[in-house]
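Position chain B with the ligands relative to chain A; hints supplied.
From first to last, the protein sequence lines are chains A and B.
All letters in the first sequence, in the order written, are residues 1 to 276 by the working numbering.
All letters in the second sequence, in the order written, are residues 1 to 261 by the working numbering.
Do not rely on the hints blindly, as some may be mistaken.
Simulated restraints on C-beta separations [to be verified]: (1) B:LEU241 x A:ASN180: 37 to 47 Å; (2) A:GLN90 x B:THR205: 15 to 25 Å; (3) A:GLY224 x B:GLN223: 34 to 44 Å; (4) B:PHE73 x A:ASN113: 41 to 51 Å; (5) B:VAL50 x A:LEU145: 32 to 42 Å; (6) B:GLY182 x A:LEU239: 52 to 62 Å; (7) B:LEU149 x A:LYS72: 33 to 43 Å; (8) A:ALA18 x B:PHE73: 50 to 60 Å.
Keep in mind the hints are simulated off the structure, nothing from the lab.
Quick caveat: nothing in here was measured; it's all calculated off a predicted structure.
Just so it is clear, CB atoms sit at the ideal spot from N, CA and C, and this is done for glycine as well.
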Amino acid sequence: MSDYLLEMQGVDYTYPMAEQAAVKNLSFRLPAGRKTALIGQNGCGKSTLFLLADGLFRPQQGEILLDGVPLKFDRQTLNRWRQRVGLVFQDPEQQLVAPTVESDISYGLCNQNLPTTEIADRVQQTLADFQLTELARRPLHHLSLGQKKRVSIAGVMTLRPDLVLLDEPTAYLDALQTKNLLLELDSIAQSGTTLLIATHDLDFVYQWADWILVMQQGSLLLEGETLAVFEQLQALPDLELGLPLLWQVWNMLPPAIKLKTVPPRSIKKLHDSLHF
Amino acid sequence: MNTQLDALAYSNRLRSLPPKQKLFFALALLVTAMFVHPPIQLAISLWMLVWTVFYAGIPWRFYLGMVLGVMSFLLTSLVAIIGNFASLAPADSLWSWPLWGGQVYVSMGALQQAIEIFSRSLASTATLFFIILTVPFAELAVVLEQTPLPTILTELLLLCYRFIFLLAEVAQSIAIAQQSRGGYRTRRLALSSVSLLIRQLIQRTALRYQQIALGIKARGFNQEFRFWQSQPYKYSWRYGLESIAGCILLIIGEVFYRIYV
Ligand SMILES: Nc1ncnc2c1ncn2[C@@H]1O[C@H](COP(=O)(O)OP(=O)(O)OP(=O)(O)O)[C@@H](O)[C@H]1O
Ligand SMILES: [Mg+2]
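Isolated chain A (complex conformation):
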């Protein structure tokens, strides 16, 4: 296995009938086993990148590679590719197909032709992991948006992909469910799964991610370690992406009261880094 799991080289994609390319000469490499965040303004091409990465759109130019192997667009390759790369859409309605919660979570497993007992076990386990056991037999159209979002994430995670692309996973979730999701994502990351999350929540990115990709108008602007990327973003105020609150607070504090030089990435660390 190479150090980079997913890679794009000079990828172009223009939607049918669109005037401008949604993704233009996009190249990046995603380190394996990392918690990666994808940030950028509305309409910069994040969701399009995900659809390309899952082989749902065919790039007009360039190549997409997984473990160094380029994606081919025949059915067999695509099926295997999608078993390894899981995609959670921005809008949960888009990927929920079955009538009830438990049957929807089973859908991807059934597609892999697993034995019924294994499907049953995995569904029960996933329901428990995502606090969905009580909703198991409820029809999807009786759920709230946040609950649907959790079901859609659970339906992908149950397949244990190597790479999971999550488009705005915390959208519609309340504070408790956001916290639960983060814990769940951390344990998924610990098991060696690579995560790539598109989001506008920079405070979340700052605390959670250890690698960041920044997109602008369909191309890659920056990539690197979290602190290094925010360092560079600070120098680019015109981009108007904003900066994480903790980062701003840290930079406003007088150096005299700081115990450390590395910016802290949680409230607790901030507290431990100051002397009062």
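Coordinates of chain B with the ligands only, in the frame set by chain A:
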């Protein structure tokens, strides 16, 4: 599809009974209702009412509303069967009224026929509503899958089921958006709002379709729609015995009716 109806099917008190038990019971009653006489058919209707309203806990107002809704359709067509028109009503007619120089009359035969149709329809409506209100559609589909029906049919039914609610949600959200901005204030506005709604609905449905096709592919679509569902059903001896004993009583009743009436 009526969402309240659907919600009741998912939350009624008989949901834990195996769908097969309920389906078999209803089917047996439906077949019985086809062959027995009106008093027995009325007994079946009442019995189904007990199951639906008392055992399953379906609100009786909702239930009666549904039954009356269907039966009122039927009643209007029964009028045409009961009423006959002739220049002179036959001597054995029950009632007659003069009309347009002739007579409208009700004959014994026509009345009997109408009662038969009425009680038979009432019994079949009641058994059908029992199934609709106590078995969620998804569980019905699982039973259908075990029948010799082609799987493509049950898969299509399941997908349609999901789509219907998606569409209903889209339509509702457009209507609410229009209302909140005063789109239905006057009759004229309402008319143009409705036409806008329909056009939007068609466009958005096409878009939804494309999006869901992507979603289905992303989840590894494999030429088939297959799901797994847990089956935490509990067969109930109490209900099982009541349904068997009840059916036997109905048949005995029918035999007595044929002998003595
Ligand atoms: N179906 C489509 N047809 C034509 N153009 C599209 C379509 N979907 C997206 N676009 C355009 O492609 C560009 C990239 O869209 P994309 O959805 O990838 O952005 P995004 O970064 O995910 O934005 P957001 O943060 O709002 O989710 C946008 O300019 C958008 O207008
Ligand atoms: Mg997006």
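Here is what the structure says about each hint:
no.	hint	verdict
1	B:LEU241 x A:ASN180: 37 to 47 Å	holds (46 Å)
2	A:GLN90 x B:THR205: 15 to 25 Å	holds (19 Å)
3	A:GLY224 x B:GLN223: 34 to 44 Å	holds (43 Å)
4	B:PHE73 x A:ASN113: 41 to 51 Å	holds (48 Å)
5	B:VAL50 x A:LEU145: 32 to 42 Å	holds (40 Å)
6	B:GLY182 x A:LEU239: 52 to 62 Å	violated (40 Å)
7	B:LEU149 x A:LYS72: 33 to 43 Å	holds (38 Å)
8	A:ALA18 x B:PHE73: 50 to 60 Å	holds (51 Å)
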